[in-house]
Amino acid sequence: MNHVPDGASAGPLDMLLDVRGIAISFGGLSAVRDFSLHMPSGALYGLIGPNGAGKTTVFNLLTGVYRTETGSIAVRGRRVDALKPHQIATAGLARTFQNIRLFGHLSVLDNVRVACHLRGRHGLAGTLLRLGHHVAQERSITRRARDLLAMFGLSDREDHQARHLSYGDQRRLEIARALATEPKVLLLDEPAAGMNAQEKVDLAGLIRRIRDERGLAILLIEHDMGLVMNVCQRITVLEYGAVIAEGEPTDIQKNPRVIEAYLGTPVELPAGWEV
Amino acid sequence: MDDSNNLAPTRSAVLRNVTLPVAGAVALGLLMQLVVGPASGPYATRLMLDVGVAIIAAVSLNIINGYTGQFSVGHAAFIAAGGYVAGSFTYYCSLLWWGEYAKHGGFLGMGEWLFFCSCLLGGFGAAALGWLVGLPSLRLRGDYLAIVTLGFGEILRVLLQNTNRQIFDAEQLRDATWRQLVPPPLGGAQGFSDVPKYTNLFWMYLMVAVTLFVAVRLKISSTGRAFLSIREDEIAAEAMGVDITRLKVRAFIVAAFFAGIAGGLFAHQSGTVIRPIDAGFQRSFEIVIMVVLGGLGSISGVTLAAVILTLLPALLLDFAQYRMILYALLLILLMIFRPQGLLGVKELWDFARPWRRGGTRT
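Chains A and B, in that order, give the protein sequences.
In terms of the working numbering, the first sequence has 212 at position 212, counting the first letter as 1, and numbering is strictly consecutive.
In terms of the working numbering, the second sequence has 204 at position 204, counting the first letter as 1, and numbering is strictly consecutive.
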């Protein structure tokens, strides 16, 4: 399905992810409004904004945790905004979670194998009688899971319970698990949180590698500006649920609206106040 | 899945994966029936039958509560449903075919095959109910699901109390009017009695083996991992493409099926009358205690707990009136010192063979 040419010149029909004007409000609070995004294959975009701007809410809208009130979401040209979360995952949209949501009591290997589940058929008869196709499928799942763990440097810990991993390893395992669903679009929610400087550098390389090898479109929420400016081709900035800027990293850095959102506006101090 | 390294279902694979386990189950049944039973006398045999029912009940409830993490406290209702379906089927078929409800034929004779079919029927009946109860569990979580399953057990109990009187005579059965047959003649509040006593150690432990076998195979498969992922984190499971709706219902159906079989075996046991109260919450809680005490999700732990908790009251018989106090005390102590259950989420073989912790046998 990789007929999409790389680069931003692709038309709207070639988009892996095509989001138009989605919105949601909780009670009277408009959490996200009129959010649009178009990602071709190979795109590596960033989504930033101050705390509470609605970044994770956008992810929840895209993955079907919340239903959008307006607009549309399409993955590879297929509308997904009315589907359930597991159907959206099957359509090719995978995510990681900001507050790590691994299957804590399951082994590292099983965490990844669970995510391989959706690309197969798992009848009761095949499972209980261990029919040939079932055995072959389980084998291929295990092999794929091991390949992913190797890619993320987690092979030697495949028997550990996920909750016993270090923080950085847990973040990597989340990405490995998301990749096991064989997505076309990958949403990473603060993948570098809690990582040290070296781990962040490695992570940046890994994210680029995944994108290049698999032709994915990757959308990244991240607070580490160094990482975002370094790896992202384009950046969307949210504040109070609205997009206030959109463009290339160098433009975003200079954008006065963005600086204002992060740092606030200078105020006239009353006479006699000292700073 | 179309993959290289694909192995065709060879004859030896079928032998290993299907024939051998079935043969093992039959062998266990025969061993219990022909060797262990006669060697240990009627009282011990009776206890072993009780243990068998408890194992099947607890291991099947473990599929809902332990694997999938849905808190069901209505398991006794599935058992009672299976018991009523199986017991009444055997009873009325015997009346119609053989004119009497006494046992027909010896070991593995016609009567026992009728009994076997009844148990399967009881399983399917309970599975249908499991599907019905599984549906609300799609929308409810935690306490709310517990309340629904509890209510389901009570509803079934009241329904059973209001069934028609049992018919004790073949002639009466043939001449029965609609009024006697609707609602079904299941004995009302007095319970359903005189079910032919077919349950023996062979059938009991055959079914115990099958239940354990299914529980293990489920757990170490893709389906089992998906069950466990629901227990661990529903939102993450959904995001990874696990259809939690379908799998929860599937867990309820499989668990209820085996509960129904346990009920069938219980109904045909000598000395039991199945009563509406068997569907009530007291029996349900006993099974929940076995699962929690054994360790949610641990097949071997739950089996162990089922054995211990069934034998304990019998062993404490000498302490007469202090029996229930001691029983409760032991439970409290266990919950203080092993809150995660006897084995936690582990299996016995995890302790024996640490290098296989990943469960990667496939």
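Read the hints as simulated data drawn from the structure, not as lab findings.
Careful, some of the hints might be misleading.
Taking lysine to any residue pairs in the SDA-like style, the calculated list, with each CA pair at most 20 angstroms apart, reads [claimed, not checked]:
{"id": "1", "chain 1": "A", "residue 1": "Lys-84", "chain 2": "B", "residue 2": "Arg-246"}
{"id": "2", "chain 1": "A", "residue 1": "Lys-254", "chain 2": "A", "residue 2": "Glu-268"}
{"id": "3", "chain 1": "B", "residue 1": "Lys-346", "chain 2": "A", "residue 2": "His-160"}
{"id": "4", "chain 1": "A", "residue 1": "Lys-84", "chain 2": "B", "residue 2": "Thr-245"}
In this text, all values refer to a predicted model and were calculated from it rather than measured experimentally.
Worksheet item: So which of the earlier hints does this model not fit?
Response: Going through the list in order, the structure violates hint 2 alone and respects the others.
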